[in-house]
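S.K.: Sequence:
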Amino acid sequence: MLHGSVISTYNGMIAFIIFIIINIFITIAYWLAFRHIEKSAARVRKNNSQLKLIKYKLTNGGKQ
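In our numbering, the protein residues as written are 14 to 77.
Read the hints as simulated data drawn from the structure, not as lab findings. Don't be surprised by glycine CBs; every beta carbon is placed ideally from N, CA and C.
Taking lysine to any residue pairs in the SDA-like style, the calculated list, with each CA pair at most 20 angstroms apart, reads:
(1) Lys70 / Asn60
(2) Lys52 / Ile41
(3) Lys59 / Arg48
(4) Lys68 / Val57
(5) Lys65 / Ala55
(6) Lys52 / Ala42
(7) Lys68 / Arg56
(8) Lys65 / Ala54
(9) Lys68 / Arg58
(10) Lys52 / Gln63
(11) Lys65 / Ser53
(12) Lys59 / Tyr69
(13) Lys59 / Phe47
(14) Lys59 / Lys70
(15) Lys59 / His49
Listed next, with one range per pair, are the computed distances between beta-carbon atoms:
(16) Trp44 / Lys68: 31 to 37 angstroms
(17) Ile50 / Ser21: 39 to 45 angstroms
(18) Ile34 / Ser62: 36 to 42 angstroms
Go ahead and model the full structure; you've got the sequences and the hints to work with.
M.R.: Below is the structure:
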């Protein structure tokens with residue numbers, strides 16, 4: 014009985030460790046993908062902010 018519980022605990026620990034390792038891999042993959050998306054988004058955002066600045070200067074500059 015004790016032996017069986019020890020084995021099940023051991024298997025549970027192995028499953029848990031494998032689960033953690035898989036989670037770490039998924040997290041790294043997501044992080045890398047997110048960083049890549051973030052770089053692209055930052056580039057787009059930079060362009061958008063420059064366009065907004067130009068629009069702001071055109072609209073508000075004309076009013077003043």
